[in-house]
Amino acid sequence: MEALEQLKARVEAAVPGAQAEIVPNGSPANQPSLSLDCGHARTVAEFLRDDPDLRFDYASNVTGVDWPEKTIKEKIKVKKLVSGVEKEVEEVCERKTPAYLEAVYHLYSMARKHGPLILRLRTENRSDKVTLPSLTPVWRSCEFQEREIFDLYGIIFEGHTDLRRILMWPEFTDHPMRKDYVEPDDYEYEPTPHDDVLTRARQHYPGGTPA
Amino acid sequence: MIAPSATLELGESGEPQLLEVSLGPQHPSTHGVFRMDVSLDGETVVKLKPVFGYLHRNHEKIAEKCSYLGSIPYTDRLDYICSLTNNWAYAMTVEKLAGLGVPERAEYIRVILSELTRLINHSALAGFLLQDMGALGTPLMYAFREREKILDLFESLTGARMMCNYMRFGGCRCDLPPGWIEQTKNLVANFPKFLDEFESLLTGNEILRARTEGVGVLTPQLAVNAGVTGPMLRATGVNYDIRKVDQYGVYGRFKFRVPLGERGDVFDRYMIRILEMRESLKILEQALRDIPAGPIIDPKAKLRNLRPKAGEAYGRIEGPKGELGFYLISDGGPNPYRYRIRPPSLINLTILEDMCLGRTIADAVVILGSVDIVLGEVDR
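If you're matching them up, the sequences are chains A and B in order.
At position 174 of the first sequence the residue is numbered 174 (the numbering used here), and the sequence of numbers has no breaks.
At position 332 of the second sequence the residue is numbered 1332 (the numbering used here), and the sequence of numbers has no breaks.
Hints are not guaranteed to be accurate.
Listed next, the stretches of chain B that the computed footprint assigns to chain A, with coverage defined by at least 3 CB atoms under 8 Å from CB atoms of chain A [said to hold, decoys possible]: (1) 1097-1110; (2) 1182-1196; (3) 1326-1332.
Below, computed lysine to any residue pairings styled on SDA-like, alpha-carbon distance capped at 25 Å [claimed, not checked]: (4) B:LYS1065 x A:LEU163; (5) B:LYS1255 x A:HIS114; (6) B:LYS1300 x B:ASP1331; (7) B:LYS1193 x B:ASP1175; (8) A:LYS129 x A:LEU163; (9) A:LYS179 x A:GLY154; (10) B:LYS1049 x A:GLU190; (11) B:LYS1309 x A:MET168; (12) A:LYS79 x A:PRO68; (13) B:LYS1049 x A:LEU163; (14) B:LYS1309 x A:GLU88; (15) B:LYS1065 x A:PRO176; (16) A:LYS179 x B:GLU1213; (17) B:LYS1061 x A:HIS114; (18) A:LYS96 x B:ALA1310; (19) B:LYS1049 x B:GLU1213; (20) A:LYS113 x B:PHE1254; (21) B:LYS1047 x A:PRO24; (22) B:LYS1065 x A:LEU81; (23) B:LYS1061 x A:LEU198; (24) B:LYS1244 x A:ALA3.
In case anyone wonders, no lab produced these hints; they're calculated from the structure.
Here a beta-carbon is modelled for each residue, glycine too, at the ideal position from N, C-alpha and C.
With the hints as constraints, model all of the structure from the sequences given.
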């Protein structure tokens, strides 16, 4: 398989208007990925599947990732006038990373026996603009996995034929895989509470035992 | 000649009346707590929707709160028939993420254990499939007799029959006990006898043929597009075995063939598994002959408080049920930021409805049996 830079250039040449961005990967696994813009994602996916050299006919793994807003503290050296003399002073500046949800697709080619090609699609934020184009019309294998992402992360896939909860029950309202999910307080009586169970028991029953 | 006794009843609107059956979640042929909502026209399936989640415990969330080492025992409980292949897939992904090597002896041990696991899984599946067809007891007990012999080997090596918790990043937990290789060689030498017995009992059986041939046909195009992997994919004739494609571990050193089906029906899926067991035995013979001496774990591997550099890795192996993958994202902390399992059983169920439409309800049970699911992995 060609390098990701070449592939990116080919994708941008084949699908007019498509924007792809290479996301580096810091681990020794050396699996960088390609971040696509949502507007052209399905056309790009069709191109990747049908191009005779690429033939990514098999979407192996589809998953969601939650990236809440994070403040990163960075130390920057700044030149400043300190009592008339110019000195280099370290200053701490805070930077906020944007919050978004992400769907990650691992593609392989069964015909050409190469891969993986990793695609990423990002939502605009984590609260109200959480829509992504569904790739189920391109690869059927995304059907249950996109349903799972919808269920556990709350990404809405446009164009999915059967977007329902899959693992949680239909009446459930939250998305348990999000980082800020709060577990329900469903403490049950335990005769010999200990450790953190004891803390919760005290909250429910003053003295640690009922009655 | 007997006249057809029942004609299709028509509802008030003139539409044929459909019978909706909820098959499961407690049903002997659903292999666990799995439910299918089936709409029947007479005996014919016109709609089938699988319902999941009865065994869901959000394993991925638990693992994100757990250290890298702490998740290994949990992986045993995914596909509880094949705990050792789950261990391997997870350990391999962490090795990719942290850049660890594996000593040669450990790689051989992993191959041996993974092929033994494949024997367990395929023989149990063949037994269960026949149980679904009404061959109650006998074939399953024959298969379980052989499975128990392999579980004894696992017990003497890892201390547990099924929840082995054996592999570690960078190698394995402990070395083989004395005499283990001889015992395994003995088992491998005797296993073809069981396969011959099993096949002479069943493969040519008229009832088995009638119930499986031409049932649940899957086309290669649909199988590839729907991400079907493992014996189910190869039964349709697509040559894709990750042991050959990726050559992970030391699989590149062994000579074995990949059995392929022609029609993609239930019979092909049954037969592929029998043939794969014979190929597994070939790998086992070579691995047991060539296994070198040496260390079993990378001395650089740090098991406790492992903190890989920020980044991500996707690792996959050819599990007995299909492609078993793990996807890990590290943010430099002691536990994974994102931990994802690609469950072959769940994704192989995507096309269950396509295979069952137009067949009878009795066939749907057999088709589900041939998919080979374990609910611990489907629901996670």
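Return the numbers of the hints above that this structure violates; sort them in rising order.
2, 4, 7, 10, 11, 12, 14, 16, 17, 21 and 22
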